[in-house]
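Respectively, the protein sequence lines represent chains A and B. In terms of our numbering, the first sequence has 24 at position 24, counting the first letter as 1, and numbering is strictly consecutive. In terms of our numbering, the second sequence has 1277 at position 277, counting the first letter as 1, and numbering is strictly consecutive.
Across the chosen pairs, the derived CB separations fall in these ranges:
(1) B:P1338 with A:E46: 43 to 49 Å
(2) B:N1287 with A:G101: 39 to 45 Å
(3) B:P1338 with A:G99: 53 to 59 Å
(4) B:R1128 with A:E25: 14 to 20 Å
(5) A:P65 with B:E1199: 55 to 61 Å
(6) A:T34 with B:L1309: 15 to 21 Å
(7) B:E1190 with A:G43: 47 to 53 Å
(8) A:G101 with B:P1338: 53 to 59 Å
(9) A:G99 with B:E1423: 54 to 60 Å
(10) A:D63 with B:G1349: 56 to 62 Å
(11) B:R1128 with A:V61: 52 to 58 Å
Stretches of chain A that chain B covers, calculated by requiring three or more beta carbons in the stretch to come under 8 Å of a beta carbon on chain B:
(12) 22-36
(13) 85-93
For the record, the hints were derived by calculation from the structure and aren't laboratory data. Quick caveat, the model's predicted, so the values are computed rather than measured. All C-beta atoms in this analysis are idealised placements derived from N, C-alpha and C, irrespective of residue type, glycine included.
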Amino acid sequence: MRFLLMTTDDASAEQAPPDEQQMAEMGAFIEELTKSGVLLATGGLEPGGTRISAADGKITVTDGPFSEAKETVVGFALIDVRTREEAIELSKRFWKIVGDGQGVIQQVFGPEDIPG
Amino acid sequence: MRGGAAGALIGGVTTPETGRSGVHARIDAVWRLESARIIGGLARMVNDVGLAEELAQDALVAALEQWPESGVPDNPGAWLMAVGKRRAIDRIRRDQRLDGKLEEIGHRREAEAQGPPPEFAAAEDPERIEDDVLRLIFTACHPVLSAQARVALTLRMLGGLATDEIARAFLVGEATVAQRIVRAKRTLSEAGVPFEVPEGPDRAARLASVLEVLYLIFNEGYAATAGDDWVRTDLCQEALRLGRILAGLAPREPEVHGLVALMEIQASRSRARTGPSGEPVPLPEQNRGRWDQLLIRRGFAALLRAKELGGPPGPYVLQAAIAACHARARTAADTDWPRIAALYEVLAGVAPSPVVELNRAVAVGMAHGPERGLALLDAIADDPALRGYHLLPGVRGDLLARLGRTADARAEFERAAALTRNEPERRVLLDRAARLHAAGKHEGGGTASDRAREETR
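Extracted from the complex, chain B is given alone in its bound form:
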């Protein structure tokens, strides 16, 4: 992501290695690479992520002031950490209410004084740093916060994004995001959320909360369209990056690998899924030569790791397994629909939702014939969660068309077109309705169903 934290503070320039702007570009890169560890390390000291983040920002400001004159230090991450720590001590000394903590930190400082100076913080135990980052992820994604707040805090503290970047990415005002972050920090502080990695019975729910945040970020980027701000489209990349980091930090959690696999495989299709005028290209019509095989391989590897860990598959592993079925098919006709239908059935048992049922109906319709698909659709037709959801009539129209019930199918496509808010998609649906009118009989293909699959995956 360009511009960045330093950019937000100084007006944003990214150019060559030398000169003031070059230094700022370097600071930006260093910040992006190191900020999570710095905030994590400081949070361990002060046991307050909000305060830790402010202290890290102070260190960033100091770098912006000093490095253009003094040059970038040899180990810039360690420099930032050392300044942050110094600020932490200063802050605590000024703050009498934190008396107890000062003493605690004073002891730690003494212990550190025996060891290498903080300037050589790179030599610190890498496992401790990793643990700090993992704690930071769990804290930023704490369920006490709303999903929006978790997303903002995660992008800010783990992604190193500036407030204005988060605002642009989520199409909301900068003040809104700033307030969201301030409130989130306060909530964490007031709730007395400890800076730790949850263990025991709490852990599964806490991990689910983390995974939800990463997938929300990913899907926000996935929903971005051509012409959107690059910050928005980069959200996929950011979610993937955070997911890979998390998989490295919590390698024993199958669902983490499942989510990473799901995101890798979905990201592999990113360039094939929109046409020249921004219209969505359904999965079977995508040019599979444009799928990124490197990401697909990474996705398969992550899925394999999840499976090797054993246990009953969770929702992310199952969704990844479905995505992998599509990725494995060299052509749309090669798709193993019976397997996908079976996976959806398991998914419907593990994480039941009307959207999963809708997708299951599509898969069953492809695997075992349109009547079977329609039967599943009938069961969810009145579900309030799907009211106004254009994919329900879209899928229905598709199955009806395959049964040769042309007039019914056309009416469904027209209903779907009236419900969608995506203009290119509306055109595709109306076009299908019109073609059915012209043909007046059975038509092959599965555009709307495929879109359902693509959209809800």
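Only chain A is shown next, with the shape it has when bound in the complex:
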């Protein structure tokens, strides 16, 4: 099963940049997950980005930043695990390193989940 783990930011609190120890711990954690094949992809996302929407056949593209944005995804990890509980367990280890913050864990449906 694949899960997308996202860290989100609602801009309510200023995030302190990670200190050296945090960086080292996170590096070791990511290396461990990569080696064991759990981590398929990970990355951080630019703030804002470009928005695109379609309505009545008309496509609108708007460049950020967006002042009204409430909650945005700032980072993600795509992982391959056996159960949702494993995804949660790994996420807990992530947050133990990061400290305060919030995120979302969602299962990713791929070709293997589409019947037929």
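We have chain A already, so just place chain B on it with the hints.
Coordinates of chain B only, in the frame set by chain A:
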């Protein structure tokens, strides 16, 4: 995999984060993530994987008893390890025959007492933990054990699967698997198999034994059909997971990367290879849009790592290279058959087998014409290993059909249909025979050959 080790012990529930069932679900997940390291760490202490596994199970039982009341500890893996170690000491103290070992462990305990308490085992040297897991893989897959025993032990100790799950996955009784595991542990103990990573001349054979086990597990899952227990279909995933772990632990071994590449690429086709009614869809007819590109990319990367390590390619690297040829072709017509035929020729030299020859005949037939393919088939027609194997007449019928020898081709397809034990496949073969009868002349396509390729890869 759902249900799991804790499930087997308490009746199996997996639901939200809170409450008793939530704790059990967490224990299950922790067990799956940590059990190999815990068993490995304990095996290093007691130099007996069977005993180490029992001690780890004791720790799991303790967690099941205590965590629902006390809450899940901050570092659950370290907690399990600490309890396991304590049990190990207790066990050895009770067992007078292990006097010498007690002393040894006593010294180690003293040394540990100087350092951080066992509760902070997470801070232990990660390289040592990795080494423990690698030793565990080599021990569980020791050639002194039968292939079945190696598979059961590997799934149990490295995969964290419960006995009933292994039984369901391999369509055998739980008692059979339990006995297999008990006997395997005893065999290892009696043979005095040391808990170590083999070095020197022994290493290649030992590694081959490990790779064989992983590929057996993978193929068992690959052979599963729709409607089978999920434990069975999850075997592919489990083999892939273990293969990736092994590649991380033994990064200098090209064949490990070769096997991982092979499994990644084969797994990428898992949803395209069966039709709506469970019938096998031959490779050229598969909807390539359903192939998992992420797995294909991982497969290519693993194959590249294997090639970068150099040396003459082994059987897994070669099979992966063949799989990669198929994965690279955007359409079936784009397939580089001359290259595949050449790779099969090398494979036939490195790991000769009638099945490889059969596949080579298919590839040569596609690359250089059906006559050349038939010539190769004739050479293996009487091989006892292929007697009763439906793919031999299937491939033959296909090559004959392409030569316009319709009546001969039809007879071969009918023979193949009579030999296969797979009902949907039988229908496909009979259908081909019937269509040849109706058309009465040359017919394109390569269904049976393609199936041979798909099945034996």
